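Participant: Given next are the chains, with one letter for each unit.
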Amino acid sequence: MRPAPDRVNEPDAAPGLDEAEIGRIFREESGRSVAALVRAFGDIDVAEDAVQDAFAVALRTWPRDGLPPNPGGWITTTARNRAIDRLRRESRRRELLGEAAVLSPAHVDPGLPEEVAPVPDDRLRLIFTCCHPALAPDAQVALTLRLLGGLSTKEVARSFLVTEPAMSQRLARAKRKVKAARIPYRVPEDHELPDRLRPVLAVVYLVYNAGLASPTEPSLCLEAIRLARILATLMPDEPEVAGLLALLLLTESRRASRLRPDGSLMLLGEQDRGRWDRALIEEGQTIVRRCLRRNQPGAYQLQAAINAVHADAATVEQTDWPQIVALYDQLLTVAPTPVVALNRAVAIGEVRGAAAALALVDELDLDNYYSFHATRADLLRRLGRNADAAASYERAAAMAPTEAERDFLSRGGRGSR
Amino acid sequence: MPQYLLSLHTVEGEAREPMTEEEMKQSWAQISALNDELKSAGAWLFAGALHGPETATVVRVSAGEVLTTDGPFAEAKEHLGGFYAIEAEDLDAALAWAAKATAAVGKPIEVRPFRDASGA
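Protein sequence lines correspond, in order, to chains S and A.
Its first residue numbered 1, the first sequence is counted upward by one per residue in the working numbering.
Its first residue numbered 418, the second sequence is counted upward by one per residue in the working numbering.
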């Protein structure tokens, strides 16, 4: 029937192609393959299983034969052949095979050396399906990491501090809904795009922040950047997609310097700017400049622009605070949230003084947000109101998200600036 | 073609302003326009508004005997008030109809897919 590239005997050890390296290549390529196969077979489980099968084949054949010239094409083709085999074997799925043949009339002849065949990029369809608003946000994140990011269920579970069975159940439930309710596999029309893009960008941003919040999972930050790059490549005309990528790159440039050795957060003004990653800054700022020329500001672009201004200043004293306040003014009009207002107040404090900032902060209804109390504490201390400051540090410490942060705040917070 | 149930739920004793006659008329006009649109698009299967839960009767088999009792089945605060059964190409198409329905009736609409004949 077909030459079955996997029917081999003992694999010889080929240098550099061990299981970890093959795993890395699969993780890089599998999103594209899963997306192509979901399109071909109209079924997420079939696509996932097939790519998993292809991984097993690669583990046997790549160390012996070496890396195929186009690993992504090889994975898709092998997975597709495996899926067809599997569907043929499983008679209960005969109907689905009939459907697949209709959906994919030009499926690759398994006899050809098709690793040279180009693979159409269906990842955009896949991410819009994974982030469909009919799915719960935690399901959107899990599906995106699993299907597009190529993370194992175990890795996704670990990233969000749930057990593997619980994550496996969450994924299964989401996939069942996609199938039963027929969540479509397509890129939304232009008029739907603003509403449909929002959850997609939110998922990528959430993945990044989950990586930031968990020092043991920094790979999530890199995964989010990878997803943002894919989106930016596939949707070059969406300014907010570019804005999100720029925001992530600029935030990432400071990741290494944002924590003290004890794990507590270091404010922007206290960080060692020599440790900021200049290459990431350069890339992020280039995107921000392109966004400014396009002049269709949105929340991600504005946050990226604020970060770009910070990155320009060699010292905190050289920061162009009036520019930052102007950007926060704009941000507050597109994203009128109390947290944005809090950050804007901090910037205003740098231009007009701590008293002006405190007046703005005190108007905010953020009593349950630890940063609110930490910010108030800083401002009170700068105004010499030490007893009030101590009380606010106390409140901030009680709500701090990590133990390191709690210890730090309860010791009276940050050094004077 | 996939089929969906668009159901609207009423909350018992829900505090809200009663509709004025004008609003009522407008709502009916919207609903009847939506019904016409569903029919001309070929999406219409069936639709109906229900009397209140106090009119419900429950029939069940208990120890081999058919028992008939005053309903409703679930003592809940929320009751099915009415529904549409429609055909739509996919969930997005069904959600687009639901958006029109919720605008017409002023209540949230739950969208659920029917199992198809093969049990999928």
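For the record, the hints were derived by calculation from the structure and aren't laboratory data.
Note that the structure is predicted; figures quoted are calculated from it, not measured.
Be a bit skeptical, because a hint or two may be false.
Subject to a maximum C-alpha distance of 30 Å in a straight line, what follows is the list of computed DSBU-like cross-link-like pairs (lysine-lysine) [said to hold, decoys possible]:
id : chain 1 : residue 1 : chain 2 : residue 2
1  : A       : 456       : A       : 524
2  : A       : 524       : S       : 177
3  : A       : 456       : S       : 179
4  : A       : 494       : A       : 442
5  : S       : 177       : A       : 494
6  : A       : 517       : A       : 494
7  : A       : 524       : A       : 442
8  : A       : 442       : S       : 177
9  : A       : 442       : A       : 456
10 : S       : 179       : A       : 517
11 : A       : 494       : A       : 524
12 : A       : 517       : A       : 442
13 : A       : 442       : S       : 179
14 : A       : 456       : S       : 177
15 : S       : 154       : S       : 177
16 : S       : 154       : S       : 179
17 : A       : 456       : A       : 517
Just the calculated beta-carbon pair ranges, DEER-fashion [unchecked claim]:
id : chain 1 : residue 1 : chain 2 : residue 2 : range
18 : A       : 469       : S       : 215       : 37 to 47 Å
19 : A       : 493       : S       : 45        : 53 to 63 Å
20 : S       : 293       : A       : 465       : 55 to 65 Å
21 : A       : 437       : S       : 236       : 29 to 39 Å
22 : S       : 258       : A       : 506       : 43 to 53 Å
23 : A       : 495       : S       : 198       : 26 to 36 Å
24 : A       : 533       : S       : 198       : 52 to 62 Å
25 : S       : 365       : A       : 468       : 52 to 62 Å
26 : A       : 493       : S       : 192       : 28 to 38 Å
Just so it is clear, CB atoms sit at the ideal spot from N, CA and C, and this is done for glycine as well.
Participant: Hinted pair, alpha-carbon criterion (30 Å max): residue 494 of chain A, residue 524 of chain A. Please report holds or violated.
Facilitator: holds (15 Å)
Participant: Cβ-Cβ distance between residue 365 of chain S and residue 468 of chain A: within 52 to 62 Å?
Facilitator: Since the Cβ atoms of residue 365 of chain S and residue 468 of chain A sit about 44 Å apart, the hinted range of 52 to 62 Å is violated.
Participant: Between the alpha carbons of residue 442 of chain A and residue 179 of chain S, is the straight-line distance 30 Å or under?
Facilitator: violated (39 Å)
Participant: Look at the Cβ atoms of residue 533 of chain A and residue 198 of chain S and judge whether their distance stays inside 52 to 62 Å.
Facilitator: violated (31 Å)
Participant: Starting from residue 524 of chain A, check that the Cα of residue 177 of chain S is at most 30 Å away, please.
Facilitator: holds (24 Å)
Participant: Between residue 456 of chain A and residue 177 of chain S, does the CA-CA distance stay at or below 30 Å?
Facilitator: Holds, at about 27 Å.
Participant: Straight-line Cα separation of residue 517 of chain A and residue 494 of chain A no greater than 30 Å?
Facilitator: holds (25 Å)
Participant: Between residue 442 of chain A and residue 456 of chain A, does the CA-CA distance stay at or below 30 Å?
Facilitator: Satisfied, since the Cα-Cα distance of roughly 21 Å is no more than 30 Å.
Participant: Okay, residue 293 of chain S versus residue 465 of chain A on CB: inside 55 to 65 Å?
Facilitator: Given about 56 Å between the Cβ atoms, the range holds.
Participant: Tell me if the straight-line CA distance from residue 456 of chain A to residue 179 of chain S falls inside 30 Å.
Facilitator: holds (26 Å)
Participant: Mind checking the alpha carbons of residue 442 of chain A and residue 177 of chain S for me, to see if they're no more than 30 Å apart?
Facilitator: Distance of about 37 Å is beyond 30 Å: violated.
Participant: So if I understand the rule, the pair passes when the alpha-carbon distance is 30 Å or less; does residue 177 of chain S with residue 494 of chain A pass?
Facilitator: holds (27 Å)
Figure legend: structure checked against the earlier numbered hints; hints not met, in rising order: 8, 13, 18, 19, 21, 24, 25.
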